[in-house]
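Student: Now for the letters of each chain:
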Amino acid sequence: MASAKTKNRKTSRSRSNGRPVSIQESLVRHLSAVPGIEAIFITTEENVIHVFSVTKDHRAGVYGKLMEQEARVERDHPGKSFDFHTREHQGRPPSRAVPHGAELVFSK
Amino acid sequence: MMSDEATECFAKCQANAEFARRLEKQFPDDMAWSCVVRFYAALQLINAYLIDKKNVLLHTADTAHVERKKAMERCPELRDAPKKYRELKDLSERIRYDAGFRYTPDHHKRGIACLAKIVAIVEPKLTQ
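Those sequence lines, one after another, are chains A and B. Everything in the first sequence is counted per the working numbering, starting at 2 for the first residue and increasing by one. Everything in the second sequence is counted per the working numbering, starting at 1369 for the first residue and increasing by one.
The shape of chain A in the complex, shown without the other chains (with noise of 0.2 angstroms):
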């Protein structure tokens, strides 16, 4: 239910100026921050979004942070099906990590 407090209140699905921001903007702003990654691709399959955030080595500790900021995403675009993965370059150029042809959309 919306209230007088929040009616002007600018949330991470709009710009200042109301335009809607895009997946790839979402993606970068949420995910980009997480500590250890390195590099955003995605690909689109069946209606789906899958995103590969690719670092260097395994790091159990990226999970927690990594699937807050992934929720954040997917509460940025509500009407998108997105699958989330984790994949790591090894010392490899990151687009070697994730499926052939996937978008770069962030890289450090």
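A couple of the hints might just be wrong.
Result set (PhoX-like, lysine-lysine): computed pairs, CA atoms no more than 25 angstroms apart in a straight line [said to hold, decoys possible]: (1) B:K1438 to A:K66; (2) A:K109 to A:K66; (3) B:K1421 to B:K1380; (4) B:K1393 to B:K1485; (5) B:K1438 to B:K1493; (6) B:K1477 to B:K1393; (7) B:K1485 to B:K1422; (8) A:K66 to A:K81; (9) B:K1451 to B:K1437; (10) B:K1380 to B:K1437; (11) B:K1437 to B:K1422; (12) A:K66 to B:K1380; (13) B:K1437 to B:K1493; (14) B:K1477 to A:K66; (15) B:K1421 to B:K1451; (16) B:K1437 to B:K1485; (17) B:K1477 to B:K1421; (18) B:K1437 to A:K66; (19) B:K1451 to A:K57; (20) B:K1380 to B:K1477; (21) B:K1422 to B:K1493; (22) B:K1438 to A:K81; (23) A:K81 to B:K1451; (24) B:K1451 to B:K1438; (25) A:K109 to A:K57; (26) B:K1421 to B:K1438; (27) B:K1485 to A:K66; (28) B:K1437 to A:K81; (29) B:K1477 to A:K57; (30) B:K1438 to B:K1380.
These are computed hints drawn from the structure, not numbers from a lab.
Once you have looked at the hints, place chain B on chain A.
Tutor: Showing chain B alone in chain A's frame:
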């Protein structure tokens, strides 16, 4: 008391976990796929729990990972199990799909630890 379908999923979980242990013994220099099998053990355990959850509608025969994730999000009592499940799922995907991925003893330890944690959280809830 578990439903018949949940009981089947739980039995599959146990069979997969045992299969993972046999793979390790049989192929001590090539243990990556035991991690994949552990992921599927975790998947079946999660299914076993979600099938009988009243506030969740899960058709295991055609449920994609996205639906299972959404179902788990409706279960705060699963605590850290979704994080460990996600970690194990990611490990299994690297093994299956990333041809250049190097599986190390550290990955192997993480896979075992993740399944153990998921079992510790979820299995006691199956009998409730």
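Student: Look at each hint and say if it fits the structure.
Tutor: Going through the hints against the structure:
1. B:K1438 to A:K66: holds (18 angstroms)
2. A:K109 to A:K66: holds (18 angstroms)
3. B:K1421 to B:K1380: holds (19 angstroms)
4. B:K1393 to B:K1485: holds (22 angstroms)
5. B:K1438 to B:K1493: Roughly 19 angstroms separates the two Cα atoms, so the pair holds.
6. B:K1477 to B:K1393: Roughly 15 angstroms between the alpha carbons, so the hint for K1477 (chain B) and K1393 (chain B) holds.
7. B:K1485 to B:K1422: holds (24 angstroms)
8. A:K66 to A:K81: holds (21 angstroms)
9. B:K1451 to B:K1437: OK: K1451 (chain B) and K1437 (chain B) at ~10 angstroms, within 25 angstroms.
10. B:K1380 to B:K1437: holds (20 angstroms)
11. B:K1437 to B:K1422: Given that 25 angstroms is the threshold and the Cα spacing comes to 16 angstroms, the pair holds.
12. A:K66 to B:K1380: With Cα atoms ~32 angstroms apart, K66 (chain A) and K1380 (chain B) exceed 25 angstroms; violated.
13. B:K1437 to B:K1493: holds (18 angstroms)
14. B:K1477 to A:K66: Status holds; Cα separation ~22 angstroms.
15. B:K1421 to B:K1451: This hinted pair holds, its Cα atoms lying about 19 angstroms apart.
16. B:K1437 to B:K1485: holds (17 angstroms)
17. B:K1477 to B:K1421: violated (31 angstroms)
18. B:K1437 to A:K66: holds (17 angstroms)
19. B:K1451 to A:K57: holds (19 angstroms)
20. B:K1380 to B:K1477: Holds: K1380 (chain B) and K1477 (chain B) sit about 22 angstroms apart, inside 25 angstroms.
21. B:K1422 to B:K1493: holds (14 angstroms)
22. B:K1438 to A:K81: holds (13 angstroms)
23. A:K81 to B:K1451: holds (22 angstroms)
24. B:K1451 to B:K1438: holds (13 angstroms)
25. A:K109 to A:K57: Roughly 12 angstroms between the alpha carbons, so the hint for K109 (chain A) and K57 (chain A) holds.
26. B:K1421 to B:K1438: Cα-Cα ~13 angstroms, so holds.
27. B:K1485 to A:K66: holds (19 angstroms)
28. B:K1437 to A:K81: holds (14 angstroms)
29. B:K1477 to A:K57: holds (18 angstroms)
30. B:K1438 to B:K1380: Distance ~22 angstroms between K1438 (chain B) and K1380 (chain B) Cα, so the pair holds.
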